[in-house]
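Peer 1: So you can see what is in the structure, the chains are spelled out below.
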Amino acid sequence: MLMAASSIGVWKSWEVQRLNPREGGGAATILFGGAPVLSTSDGALQVQSMTKVFRDRGGAMVRAVDGVSFEVKRGEVLGLLGPNGAGKTTSIKCILGLMRPDSGQITLLGQDVQAAYPRILQKMSAVLEGSRNLYWRMSVWENVSFFAALHGVRSSEDQKYFGHLLKLFGLEEKRHTEVRKLSQGMKQKASVVCALARRTPLVFLDEPTLGLDVETSLELRSVLKQLAREEERTFVVSSHDMDVIQDVCGRVVIMSSGRVVVDDKVSHLMSLFRTRAYRIGLRGPASQALEERLAQAFAGVQVAYGDGDADSEVRVSLSEDGDIYRLMDILRSADAVIDEITHEEVDLEKVYLEIVREERARS
Amino acid sequence: MMIGSVLAAVFRRDWTMMKRYIVNSVSSLVSVYMIFILIFAGLQSVSGYVKTGALDGSLEGTIIGFFVWTFTIYAFSNLAWNLISEAQTGTLEQLYLAPCGFKWVGACTIISDFVFSFVPIMLLLIAMMATTGRWLRVDLVSLIPLLVITLLGAYGVGFALGGLALVFKRIQALFQIMQFVFVGLLVIPTRVPGVKYLPLALGNDLIYRTMVQGVRLWRLPIGDILTAVAVGAAYLAAGILVFAWCERVAKNRGLLGHY
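Residue numbers (my numbering), protein chains in the order written: chain A, 1 to 363; chain B, 1001 to 1259.
Chain A with its partners taken away, still in its complex shape (with noise of 0.2 Å):
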């Protein structure tokens, strides 16, 4: 069995195995240039072929999360992606126990998490739901006290860490007032520092920029880095803002249909990207002809044309090695002339949508 990964397959640095655990081969296994990723001594968080299978109403098998595999080294920040259904929060919640996954198996920091499930949550804390992980009618101070005591965070020095906290995130003048009294960022805000002050090794944070304003999401993105910096913590980030993503992980697992499609550090994610998306000017316009014969070569082609007689610019990503002279033919055949060809700049959006349609289109 091919992993989805496969559709990226194509990028040479990368190689993709899949065996099908559910015919006996075992756990789904990402190689990086042949060196296997999984057994790594340093790992904070290793997730191997976790499946989680629902029933819709109508009874019918949903796959929420399909032989899931990933890890997380300490002190990395991961990025977790994806649209929505594809199981980033469900793997998140198996993942703390919060859902009972049907298959798989979780470490942490060396321990089996359902071996030693409740007390392994001594090493892990979430945001789950933003704002709605507080009592609205107590204050940030009692939200943090009260939520760093149920894990037996308590003492005097634990407290100057809150303060400390609270200072970070901007909210020291609002330690005493009701959360329901806050704006949505700072109630935001506030439910990210009631997971922190529980000072576990391991932090999810699912949607933590969620309805936040953008000079609040960058404020947020600061401290998260220099959080994940000066505390050597490790996060796990599940986020639809891909500014956030690309600010703050290093490392980004991108999701699609509950299974994992890619796996890899975001800086060679982009530099992949970036040496696949060309911008090609064309002197005058371009034909309907030439565009037709484009779109048959190259899935997701865009041609767009100027005014009258303006110039037009073809937009192009390339998977093969021999795409760009393929091109350069069709180009030529059609009696294009080429002003200028550029790669294009990419951020992890334009990667993120790129990876799911195709993985879309392969499904």
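It cannot be assumed that every hint is accurate.
List of simulated lysine to aspartate or glutamate pairs, EDC-like, C-alpha gap at most 20 Å [what the hints assert, rightly or not]: (1) Lys181(A) x Glu129(A); (2) Lys1251(B) x Asp112(A); (3) Lys167(A) x Glu219(A); (4) Lys1251(B) x Asp102(A); (5) Lys1251(B) x Glu129(A); (6) Lys160(A) x Glu172(A); (7) Lys225(A) x Asp247(A); (8) Lys265(A) x Glu232(A); (9) Lys160(A) x Glu232(A); (10) Lys73(A) x Asp112(A); (11) Lys167(A) x Glu231(A); (12) Lys73(A) x Glu219(A); (13) Lys1169(B) x Asp56(A); (14) Lys1019(B) x Glu178(A); (15) Lys123(A) x Glu230(A); (16) Lys265(A) x Glu354(A); (17) Lys160(A) x Glu231(A); (18) Lys1251(B) x Glu230(A); (19) Lys1103(B) x Asp1014(B); (20) Lys1169(B) x Glu129(A); (21) Lys350(A) x Asp329(A).
Here are some chain A residues pointing at chain B (derived, C-beta under 8 Å) [unchecked claim]: (22) Arg119; (23) Gln122; (24) Tyr161; (25) Met328; (26) Arg332.
Hint data in this document are derived by calculation from the structure and do not stem from the laboratory.
The beta carbon of each residue, even a glycine, is placed where N, CA and C say it ideally should be.
Using the hints, position chain B against chain A.
Peer 2: Showing chain B alone in chain A's frame:
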């Protein structure tokens, strides 16, 4: 150590919430008192009481039955309503992330609820006694253990309903029905065969003997006390089992944080 920390945290939370929702706390107590006044007025207008076990034709029986019923309603509804409310507001999953396990957070919440409802309900008892002019013996050394024993069954029902709420979400109708079921359990005479094996009944009878006849805890028949403890513990265990089963279903179906 961890449980102590959780218990202290739960106490602080509940105390804070009680203060923040003081109007609600006071008004619910006043409502219960008003119901008692209506019952009392109704009883006065009827010539002679209906001969029932707990009431036993006496005003004292009515006061004690109402006192135990109020405690029961507070006990089971606080437990079950808290679960529903936490699921609704989104804090339930955070409580489930406690390393001691949710069962201990739940146990601490029960203890805290008992403590915080004890003083208001004792005030209600005093108000009822003042209203009726019948002053009962309030021997706390005997009364508190007997209340705890009696309420074990109510907590069992609370756990079971809380568990059902995790899975089925909207079960408010069952809550209403249970209130009347509890009234029935408190008024059926314990001399009826098998009744002492139902929740509340025997405990209520023991409380009656303590508060009306002045029998102290250690003077009560040991067989009755042990039976009350066993019955309470059995219903509590059954409730916890139902809760554990429902919790498992909720985790399998991913329903824990939904409402």
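Peer 1: Now tell me if each hint is right for this structure.
Peer 2: Outcome of the hint check:
With a CA separation close to 18 Å, the supplied pair Lys181(A) and Glu129(A) stays within the 20 Å bound. Between Lys1251(B) and Asp112(A), the direct Cα distance comes to roughly 18 Å. Compliance with the 20 Å bound is thereby established for this hinted pair. Between Lys167(A) and Glu219(A) the alpha-carbon distance is near 12 Å, which keeps this suggested pair within the 20 Å criterion. At roughly 11 Å between alpha-carbon atoms, Lys1251(B) and Asp102(A) fall within 20 Å of each other, so this suggested pair holds.
Between Lys1251(B) and Glu129(A) the alpha-carbon distance is near 17 Å, which keeps this suggested pair within the 20 Å criterion. For the hint linking Lys160(A) to Glu172(A), the alpha-carbon distance of about 12 Å falls within 20 Å, and the restraint holds. The hinted pair formed by Lys225(A) and Asp247(A) meets the criterion: a straight-line CA distance of about 8 Å does not exceed 20 Å. For the hint pairing Lys265(A) with Glu232(A), the CA-to-CA distance comes to about 18 Å; that is within 20 Å, so the pair holds.
Proposed proximity of Lys160(A) and Glu232(A) is supported: the alpha carbons are some 19 Å apart, at most 20 Å. Proposed proximity of Lys73(A) and Asp112(A) is supported: the alpha carbons are some 16 Å apart, at most 20 Å. The suggested pairing of Lys167(A) with Glu231(A) holds, with an alpha-carbon distance near 16 Å, which does not exceed 20 Å. Pair hint Lys73(A) plus Glu219(A) does not hold up; C-alpha atoms about 25 Å apart against a cutoff of 20 Å.
Of the pairs offered as hints, the one joining Lys1169(B) and Asp56(A) holds, with about 17 Å between alpha carbons and a cut-off of 20 Å not exceeded. Distance restraint check for Lys1019(B) and Glu178(A): the Cα-Cα separation of roughly 13 Å lies within the 20 Å cut-off, and the hinted pair is therefore satisfied. Taken as a hint, the Lys123(A) and Glu230(A) pair is honoured in the structure, with Cα atoms around 18 Å apart against an allowance of 20 Å. Distance restraint check for Lys265(A) and Glu354(A): the Cα-Cα separation of roughly 17 Å lies within the 20 Å cut-off, and the hinted pair is therefore satisfied.
Only pairs whose Cα atoms come within 20 Å are accepted, and Lys160(A) paired with Glu231(A) is accepted, the gap being roughly 15 Å. Restraint check for Lys1251(B) and Glu230(A): the C-alpha separation of about 35 Å exceeds 20 Å, so the hint is violated. The suggested pairing of Lys1103(B) with Asp1014(B) holds, with an alpha-carbon distance near 17 Å, which does not exceed 20 Å. For the suggested pair Lys1169(B) and Glu129(A), the alpha carbons sit about 19 Å apart, so the restraint of at most 20 Å is met.
Between Lys350(A) and Asp329(A) the alpha-carbon distance is near 27 Å, which puts this suggested pair outside the 20 Å criterion. Hint status for Arg119(A) relative to chain B: holds, with the closest Cβ pair at about 6 Å, below 8 Å. Checking Gln122(A) against chain B by beta carbon gives a least distance of about 4 Å; that is within 8 Å, so the hint holds. The beta carbon of Tyr161(A) is not positioned within 8 Å of any beta carbon in chain B (closest approach about 16 Å), and the interface hint is therefore violated.
Below 8 Å, beta-carbon pairs count as interface contacts, and Met328(A) has none with chain B, the closest being about 52 Å; its hint is therefore violated. For Arg332(A), the interface hint is violated, the least distance from its beta-carbon to any beta-carbon of chain B being 56 Å, above 8 Å.
When the structure is compared with the earlier hints, violations turn up for hints 12, 18, 21, 24, 25, 26 and for no others.
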